[in-house]
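Asks: Starting from the known structure of chain A, fit chains B and C onto it as the hints suggest.
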Amino acid sequence: MPRTPGADLPDHPDWLWNSPEPKHSYDVVIVGGGGHGLATAYYLAVNHGITNMAVLESGWLAGGNMARNTTIIRSNYLWDESAGLYEHAMKLWEGLEDELDYPLLFSQRGVLNLAHSLQDVRDSKRRVGANRLNGIDAEWLDADQVAEICPILNTSEDLRYPVMGATWQPRAGIAKHDHVAWGFARALDRMGVDLVQNCQVTGFDRIGDRITGVRTTRGDIAAGKVALAAAGSTSVLTDELGLALPIQSHPLQALVSELLEPVHPTVVMSNAVHVYVSQAHKGELVLGAGIDAYNSYGQRGAFHTIERELTAAVELFPMFSRAHVLRTWAGVVDVTPDASAIMGLTPFENLYVNCGWGTGGFKATPGVGWCYAHTIAHDEPHPLNAPFNLDRFATGALVDEHGAAGVAH
Amino acid sequence: MTGEYRLAEGGRINRDRPVRFRFDGHEYEGFDGDTLASALLANGVHQVGTSIRYGRPRGIASAGPEEPNALVQIEEPFPEPMLTATTVALHDGLVASSLPGQGRLATDPDPARYDAINAHCDVLVVGAGPAGLAAALSAARSGARVIIADSDTEFGGSLLGSDEELDHAPAGRWIDRVTAELRATPEVTVLPRTTVFGCYDDNYLVAVEHRGEDTFTRQRTWHVRAREVVLATGSHERPLVFPGNDRPGTMLAGSARTYVHRYGVLPGHRAVAFTTNDSAYAAAVDLHDAGVEIAAVVDVRPVATTLWTARCVERGIQILTNCAVTGTSGTDRVSGAQISPVPSGDSAPTVASELDCDLLLVSGGWNPAVHLHSQARGTVRYSEEICALVPDRATRGVRTVGAAAGTFTTGECLRTGSEAGSAAARATGFDADPAEVPSSPSGPVTPPQPTWLLPGLSADSDHDQFVDLARDATVADVRKAVGAGMSSVEHIKRFTTIGTAHDQGKTSGLLSSGVIAELLGVEVAQVGATTFRPPYAPVAFAALAGRDRGDLYDPIRVTAMHDWHLAQQCPFENVGQWKRPWYYPRPGEDMDSAVLRECHAVRTGVGMQDVSTLGKIDVQGPDAAEFLDLVYTNKMSTLKVGRIRYGLMCHADGMVFDDGTVMRTDEHRYLISTTSGGAAGVLEWLEDWLQTEWPHLRVHLTSVTEHWATIALAGPRSRDVLARVTSDIDLAADAFPFMSWTDGTVAGRAARVCRISFSGELAFEINVPWWHGREVWDALYEAGSDLDITPYGTETMHVLRAEKGFPIVGQDTDGTVTPHDLGMSWAVSKKKDDFLGMRSFSRADTVRSDRKHLVGLLPPADSAVVPEGTQLVELSELPEPPVPMLGHITSSYRSAALDRPFALALVKSGRDRIGQTVYGHVGDRLVPVEITEPVFYDKEGNRRDG
Amino acid sequence: MMLIPCPWCGPRNETEFHYGGQADVPYPAEPQELSDVEWARFLFYRANPKGLFSERWNHQAGCRRWFTVRRDTTTNEIFQDDSHEAVTR
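Protein chains in written order, with our numbering: chain A, 1 to 409; chain B, 1001 to 1946; chain C, 2001 to 2089.
Think of the hints as simulated: they come from the structure by calculation, not from any bench.
Idealized CB from N, CA, C, for every residue including glycine.
Heads up, some of the hints might be wrong.
[To be verified] Chain C regions said to be covered by chain A (calculated; three or more residues, Cβ under 8 Å):
#	stretch
1	2002-2009
2	2018-2027
3	2065-2077
Bound-form chain A, shown alone (with noise of 0.2 Å):
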């Protein structure tokens, strides 16, 4: 029987994973089942052998911002400290496929950082160059390079913000959230790993500094190390210890339009003027924006931001003019002062923490996984997310990522 052409995605597995009752003890818990608890889990039980662990999530599994990313991958960050450990994700994520044996989707279609001030074309060169010396794959292209690549790009001086140029990596691209989530699910299932969905965490059992388990909607769990991977609940949990972070949690929106014929051939960024969009798999146009300006929980943000973004994805992109929004959605991202995560030891004996990656958490995912695993395993941070650390609040040895490369998302 005729199928349209890529309208539809490949056939899950016949199995998945279970939903077991929590166990009273683990070796390790995970608190947060979304992308980068599912992916520390998984490094655990592979690079360090840990399997006595649990991956407790508060509603269904990667239901949080893993299920409502725009899923661009790509690793062309500024600073070394930022690139090292994106292009380590990317690495994972060039081989991931393979090893979870699940169809991820993982398109490496490239992506475009528009320019459209003179001061764009400075910062963008200056990542570019950056990039290259760190062994990421980037290149400067001019307006007309840019119209190549993505012929339905306007180009022209017509904008208010003309395309100036971009940057440009091949090996960028986007994958599908929720396969990533359930290949990792999937693989700690069979590795004996409990994944408790609809388990609430609520507060944490201690010994002076000592972290020895967690209490939750499902019963109090013992547990040798408890590691934090839950985004923008981070602070709700930590305020239950006094550990406070500096980090802020803000609504982030997305939308898509109906399926389409592909017209799209790569992944579109501009911050200057607010809006990334990309065609994923069956043809829906992606797009997201910045986050929403203030403080909320809400997993909703405020229509004129929308707006905004579907403005700059005309202005743009003229050919979408009637395509449609079909749906628009939000998750809550952890924001740091200087737009980069927060991931390392804490105060507090046997607790992690790896939280504030913002808008950027779905392309870090493996790459967070495999350091936060080495970090819980030896207590002590990768020498990748070492940088990450606390401490840098009050040194002053930030990794600002939003004020050199305007690159957040």
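Replies: Showing chains B and C alone in chain A's frame:
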């Protein structure tokens, strides 16, 4: 054109206005008032496409926005993807084609115009069916400002699709009367064709008005702030899941009624109605009365209601209770339905009979359209009574009435609507009584029998039982998801893609929850449903972009002299929202040669630049000096009236974020300047500290950027030019020293003249009221004509300041740079107890000796300009990555004065490396550059006095 | 699009305002006396509660005044001081 499917009379179509259209290459005719779907049905076209995964033929299944099947691509008048035939109003020249699931975007620019409008009202009524009209009427009569919006081309909602009588007359009369009264009420805005698709915080609702293809604006987005909202959004009929439930000719029962009554169209000639509730009986009776043969009403319930049994018996319609349709036959269209008794337990159903039919009406009950209620953060609950989700807890100021609240009789819809309308108006302070409502004969509605999966069917049939027609998702898909361990409706939705199509699960959402519940063996309430998200119905991107396109994307700010610049045909640089001349090419010149010429003119003769865009803030009050001491790194309280000082601003983290000059104009008054792009941010930041941290300081701030037009006159001959147009200012260096200002007359206009130089040359900055900017500019240009006075743009300004080592905040800094990093410790006071940023200078990271410093760079004299952004490395040969980087080039130009390229850079331990050679990584080459002091030209500052 | 009650201008659309985060974070009296850790608290650490939050807004497109509101960060309802009655909706 009253063919075999169009009734000879009846319906609300305009039979005097035939409309010609094309679908899938065939020419057809319909009438004004038809939808594409009704016109196709009238032409006997039921199949309108094939399905997305399996390519199965699919037909028109509904008469409204819930349509899962009839997706069309509009080809003309202009391509638009993925509309439902049931909501496309027929118009002349329409060309459409069927879609298998992926739409197609136009390659030509969209010629249509889109607009936006903001509106405020006391009561917004969404939906103009019986409940909505009654609500609007009650509210309107109180004098409240009312907006009533409905997606449809005409008001009436469900009444349009029935032959119901109100006050013993056709319902249409009541609709027309109420609509006319609403239109005649001055405070009421009546919006047909307007879909309210989003409900946001504080009763902010968003709607799109479809104004038609021939109107000035094709679509208009309404932003409505309503004090109270009445949601009368109706309900959607739910299909049934059974084998072969996707064949063309299968249609929601209520929709078939709509085709008969509203469009005068028979959707078939011989029908079987399969139902779990009463509403299919009404369809069977109405269709029978319109001439359709009803083969049977198949009801899963053991007993049909007396009322409907009687009506069927009157007409000789066969009722098969305790029976179900368990299969269909037909190729492109249903030709028969297999009927079986509902088996008890697990026994397989036996096919009792097969009935020939070309139309299979289905009804599984009705889903209240709770979308907007839910978007407004209202909660929903599963009602066992009506087998659907109904509103539970509402947010304040939002009322849901009528079918949207699970009320299914017209009389109750009218009554509750009227009451809600008056309650809403009362809540906004109006004296409102419920408007009287007409009498309605409609009887009680018996609840449906919950029917999600027919019992006893073999697993083989799962693949033919469609749960989401739009996604081609079947019971087999749901069973597979459940079998894979999934139990969350969210997971199963993602696994099966149910509810993700253009209709966002309007017909399939709760149906899938029911199927999941059956397969998991739990209650439907336990399974719940996925979140209702905006928009309620698809909205075109362009409608939301509205008019904010092109030049209106962001405000364009221009200076008083902008027309003069335009006349020079100079390219402009966007600086924030400002348009600034970039350079002024003479015929045949490229940018490099123009800039070299402009630089040369300033260094040797005289140039002029429009610097009006620099932000200007008037700081007044007895504590102005104290305030500025706190916000600048250097001391401003010691500045004497008449003098000017350069100042740096840091955030509390110690990083430079803006700079400019500070001019003391009075004991208690300063005029400060900011960067062009940073003005608004600086003002807000100053207000923040002033209002929230130091409210005791008596200081007022006012933006005066646009009060002044400012002209920089620079170069050794600038004094000569200025002298020709001023007589009351002593321009001698000792009378009018560097970094001072004076008031006087320039070109006959009152002016404030400053001795400020951003180029290192003798320079004057002439401020005149904005209104006189162009006149004074012209006078200066004229006065300098014999000296070849040269207008210059931002690029030349950048080169000249770089030759002097003056940084540009935002170009030579990036939010990680302190004044000390810039080598500007001289601008950081050591005498003040505190200022913003001071504490941060002593943090562990900011006291590091190997921080990046702003230094100069000299590439080989005969080499090209090294691109800005170039990374610097220590070694002349590149090792394998990652390669340690020392910093990057922030500014890079060719100097006319030095006749060589030069650059500024931020380099690790840069000041300790002066004299060293490092390498710029350009493309795949390494270019040697020598690190120098950042000042390249006139280090001694001899030129500033001319 | 929240409706934010400016104490000087009345309720206005969210787009007229600029967000300022947590309210009542005083600038330290003696910054130079603070340790780096204490100073970092002031610079970078702000409360991030799920629920009621006292926060600052600036009526940028209106009176330019900064003011404080209490808002529920899960529902965006804004409350008067000490009241549990939302002032806008």
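Asks: State for each hint whether it applies.
Replies: So, going through the hints one by one against the coordinates:
1. Only when three residues or more bring their CB closer than 8 Å to a CB of chain A does the claim for the stretch 2002-2009 of chain C stand; here the count is 1, and the claim is violated.
2. Chain A is given as covering the stretch 2018-2027 of chain C, and this holds because 3 residues of the stretch bring a CB closer than 8 Å to a CB of that chain, at least three being needed.
3. Counting residues of the stretch 2065-2077 of chain C whose beta carbon lies closer than 8 Å to any beta carbon of chain A gives 5, which reaches the threshold of three, so the coverage claim holds.
Violated hint: 1 only; the structure is consistent with all others.
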